[in-house]
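Chain by chain, the residues run as shown.
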Amino acid sequence: MSKKMHIKLNVNGKDEEFLAEPRELLIYTLRERLNITGPHIGCETSHCGACTVTIDGKSVKSCTMFAAQADGKEITTIEGIGTPDSLHPLQEAFKEHHGLQCGYCTPGMITRATKLLEENPNPSEEDIRFGMAGNLCRCTGYQNIVKSILAAAAEMNAAKEAAE
Amino acid sequence: MKDEVESRDDRVANLKGMGCSRKRVEDARFTQGKGNYVDDIKLDGMLFGDFVRSPYAHARITNINAEEALKVPGVLAVLTAADLEPLGLHWMPTLAGDKQMVLADGKVLFQGQEVAFVVAEDRFAAADGIEAVEVDYEELPVIVDPFEALKTDVVLREDLVAQDGSIPDGAHGPRTHPNHIFTWEAGEKEATEQVLDNAEVLVEESMYYHRTHPCPLETCGCVASMDKVNGKLTLWGTFQAPHAIRTVVSLISGIEEHNIRVVSPDIGGGFGNKVGAYPGYVCSVVASIVTGKPVKWIEDRMDNLMTTAFARDYHMTGKISATKEGKITGLHCHVTADHGGFDACADPTKFPAGFMNICTGSYDIPTAFLEVDGVYTNKAPGGVSYRCSFRVTEAVYFIERMVEVLAIELGMDAAELRRINFIKKEQFPYKAALGWEYDSGDYHTAWDKALTSVDYDGLRAEQAQRVEDFKAGKTRKLMGVGLSFFTEIVGAGPVKNCDILGLGMFDSCEIRIHPTGSAIARLGTISQGQGHATTFAQILASEIGLPADSITIEEGDTDTAPYGLGTYGSRSTPVAGAATAMAGRKIRAKAQMIAAYLLEVHDNDVEFDVDRFVVKGAPEKFKTMKEIAFAAYNQAIPGIEPGLEAVSYYDPPNMTYPFGAYVCVMDIDVDTGVPEIRRFYALDDCGTRINPMIIEGQVHGGLTEALAVALGQEIAYDDMGNVKTGTLMDFFLPTAWEVPNYETDHTVTPSPHHPIGAKGVGESPHVGGVPCFSNAVHDAFRAFGLRQTNMPHDHWRIWKTANELGLHD
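Chains as they are written, first to last, in the working numbering: chain A, 55 to 218; chain B, 27 to 835.
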């Protein structure tokens with residue numbers, strides 16, 4: 055076993071500090087070490103996107119990143135998006151438009167979609183299908199996921215306009 | 027009182043009962059990352075188990091040395107077959123009446139087979155331990171072709187050959203070769219041969235429905251915890267049939283059933299993959315007993331694709347006969363079924379080829395015969411129903427291809443050929459030539475609606491023009507119009523002919539009404555994304571007049587839920603949904619007596635109205651179900667026990683037969699082999715519709731899984747038995763980019779024997795979708811002489827088809 059590394063990171067606004075082996079994958083840090091179980095493991099080869107989190111403003115598949123690589127970074131998981139009393143518009147839209155079934159891909163899907171809408175607040179259906187292609191879903195056939203994201207974008211844009 | 031001013035429509039709407047698109051109650055937790063899947067379970071001192079797996083598809087094991095592995099920090103134990111043998115657990119029964127090695131007992135039969143179980147403090151230590159286990163293999167000849175398996179001298183299962191070399195019968199009758207599992211027949215052989223011999227038109231075609239895998243996003247896994255203080259074993263896991271798992275665990279472990287609690291937590295998709303019992307479950311239980319600590323086992327994706335529950339792998343040869351006018355007169359089907367190293371098919375006991383004998387499809391075919399040969403090969407065991415009822419996908423693919431081939435032979439339009447052969451509405455209940463009695467259907471209406479909706483004639487005209495343009499060099503894209511009309515057979519099933527391991531395939535619901543007028547209902551099924559907590563509450567709301575929002579649905583904990591056979595084969599609504607309605611009616615019957623007492627009239631003088639019992643002819647006199655519920659707990663009513671509870675175990679009198687009409691319009695680039703789905707229209711008739719939103723969601727998902735199977739997804743092996751598609755790099759799962767928007771439609775033909783007329787829908791889109799996508803590919807090349815080419819129609823295979831037809835010349 056290799057020497058443990060000293061790692062500091064911030065997850066959902068909370069500072070975390072720990073010693074970990076160099077081979078510890080970030081998804082394990084989140085799920086096993088920090089009990090943040092929203093991000094899921096679906097493939098461990100960065101194909102399915104169930105483990106998607108946001109790191110320093112970018113969507114990242116946490117199953118193929120070492121915890122050591124996330125040292126010093128800010129991480130947002132599904133647990134950091136919305137609260138039970140104030141859901142994120144994407145969370146509301148997924149509920150409203152039946153954008154999920156078994157729920158296993160959902161945390162990664164919504165986490166990815168938050169970044170997609172930040173990068174492109176007015177996406178076309180094609181933009182969404184392309185921008186979400188790194189997140190697999192076996193249940194929905196994506197149709198209602200696309201619908202949910204379009205609805206959330208409209209909702210967020212309307213709220214922004216109202217605020218301006 | 028508020029109730030008095032509410033209109034009847036308001037009261038109906040308030041219930042959120044059957045027929046409304048109620049939003050899902052499951053979604054709050056899933057959208058916030060608060061689902062509770064098996065890998066989310068953490069217990070004090072929990073260990074992690076993982077397998078040493080065979081790199082060879084067929085080999086003898088001469089030695090296993092775990093000495094070095096046990097020195098690895100964090101590794102606590104290494105289990106082998108030798109450790110399990112004293113407990114009688116080195117082999118386990120399969121659902122198909124065969125037995126399967128839990129850990130390799132002297133040899134391995136497929137790549138990835140479980141050889142040893144390493145138990146460690148965490149996953150990383152377990153992985154280190156696996157690396158350090160030394161296994162000596164002696165390679166044996168590998169058989170991956172089932173036809174060769176029936177000719178070769180290579181014996182895969184020495185345990186199934188007697189010492190004198192004779193071949194004992196299997197679970198499904200006589201065997202003709204050491205690698206032969208069973209021959210199963212349905213229909214009339216001689217009569218069918220006679221019809222075929224004398225036919226005006228006869229077509230023969232062979233097709234291979236390739237091996238694939240359900241591949242739910244969450245892999246299989248479990249946590250076993252043996253509490254040695256109170257002698258109780260708790261097993262959490264990805265079980266589509268938790269009650270059956272409890273019984274199986276009890277039977278093979280000897281632990282009494284009341285001391286076993288099986289829990290299916292949230293399940294990240296199943297699609298049939300999570301029906302069976304896997305070595306991981308047994309090893310986790312044993313490891314927990316040995317170590318006295320909870321043990322978790324979770325597959326990785328390669329384990330999942332390579333070793334648990336494949337689907338299909340049917341080599342089918344058909345003969346179909348007809349009159350010159352196209353009236354089908356007879357059908358013959360032979361299947362060579364590749365079951366892999368152990369027969370672990372998940373089928374009802376009496377049906378070793380599942381419901382393959384639904385292969386006469388939606389057509390009035392007077393004479394038919396089916397013969398299926400099951401064969402062992404050096405591939406993973408399984409044979410589950412991947413989003414279909416038992417082998418129905420194979421059956422529907424077979425008949426929907428045979429009809430297309432017949433249309434080509436006759437020079438007829440394939441839609442018209444279907445129309446003139448459909449079973450007519452007035453023929454239901456219809457007794458099919460291979461034994462099933464279809465409950466209800468109106469195929470012509472559905473077909474006409476589908477063809478009109480897509481402007482079928484317009485599509486054919488466009489296609490003809492496209493062929494002309496192609497021949498004139500104006501385009502390199504061909505156009506295919508894929509058709510399919512399917513009849514499903516779901517809701518297994520009547521206990522008289524359906525059981526798994528001797529357990530009748532009834533299902534159950536138990537309801538408790540609370541004093542303040544809310545309720546909990548528990549069922550023997552388990553949702554894996556189908557939204558049971560939402561829809562079963564809707565059934566109940568309509569039956570008992572309490573709002574769906576006031577009803578909790580619970581499934582999956584064998585300590586609390588009534589016994590049932592689980593969720594697969596679209597059986598939840600047909601069987602447990604019926605149990606729910608029936609249990610609700612028992613509640614209502616008692617509520618009627620309470621209402622009559624409270625209203626001081628005779629039982630027969632009150633009638634149920636949405637959410638209350640009213641005095642007949644005096645609707646202003648009523649008691650709401652909420653009032654009745656309270657009375658059940660606070661009043662001494664002569665002759666009536668306190669409380670308001672009911673339970674129903676429902677043994678369905680028949681299967682249900684959902685059906686549908688699908689049309690796919692596809693453009694195919696002849697030079698790249700890339701298909702582009704321009705349009706997909708899906709009309710489903712699943713009988714009474716409980717929640718249209720959820721039905722549509724099921725259709726979208728099922729069609730997408732069908733797209734995957736038809737257009738690229740396969741578990742492929744090389745000649746050495748190596749799995750070539752063991753990761754998501756090679757195993758095709760469509761992304762949002764490849765999937766079209768689907769148009770959904772419906773007709774409603776209720777099941778006459780189901781309490782609410784519902785038939786089930788989860789699998790219809792997969793069953794009907796696969797032939798529809800495949801027929802679209804075939805149809806694009808029909809004008810150039812293509813009759814049959816096998817799935818999956820990936821870009822390479824489509825390109826090859828175009829090339830073989832000379833379209834690149």
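Bear in mind the hints are in silico, worked out from the structure with no lab data behind them. Take the hints with a grain of salt, since some may be wrong.
Pair by pair, the computed Cβ-Cβ distance ranges are [as the list claims (entries may be wrong)]:
hint	chain 1	residue 1	chain 2	residue 2	range
1	A	N89	B	R538	27 to 35 Å
2	A	T137	B	N40	27 to 35 Å
3	A	E180	B	T753	26 to 34 Å
4	B	G318	A	D125	34 to 42 Å
5	B	T343	A	N211	54 to 62 Å
6	A	E180	B	S47	22 to 30 Å
7	A	E180	B	T343	42 to 50 Å
8	A	A208	B	T343	48 to 56 Å
9	A	E215	B	P668	38 to 46 Å
Glycine included, each C-beta is placed from N, C-alpha and C at the ideal position.
Against the structure, the hints come out as follows:
1. N89/A to R538/B: 27 to 35 Å: 33 Å Cβ-Cβ, so the 27 to 35 Å window holds.
2. T137/A to N40/B: 27 to 35 Å: 29 Å, holds
3. E180/A to T753/B: 26 to 34 Å: 28 Å, holds
4. G318/B to D125/A: 34 to 42 Å: 38 Å, holds
5. T343/B to N211/A: 54 to 62 Å: The hinted range 54 to 62 Å holds for T343/B and N211/A, with Cβ atoms some 58 Å apart.
6. E180/A to S47/B: 22 to 30 Å: The hint (22 to 30 Å, Cβ to Cβ) holds, given that E180/A and S47/B are roughly 27 Å apart.
7. E180/A to T343/B: 42 to 50 Å: 43 Å, holds
8. A208/A to T343/B: 48 to 56 Å: 54 Å, holds
9. E215/A to P668/B: 38 to 46 Å: 59 Å, violated
Checked against the numbered hints above, the structure violates only hint 9.
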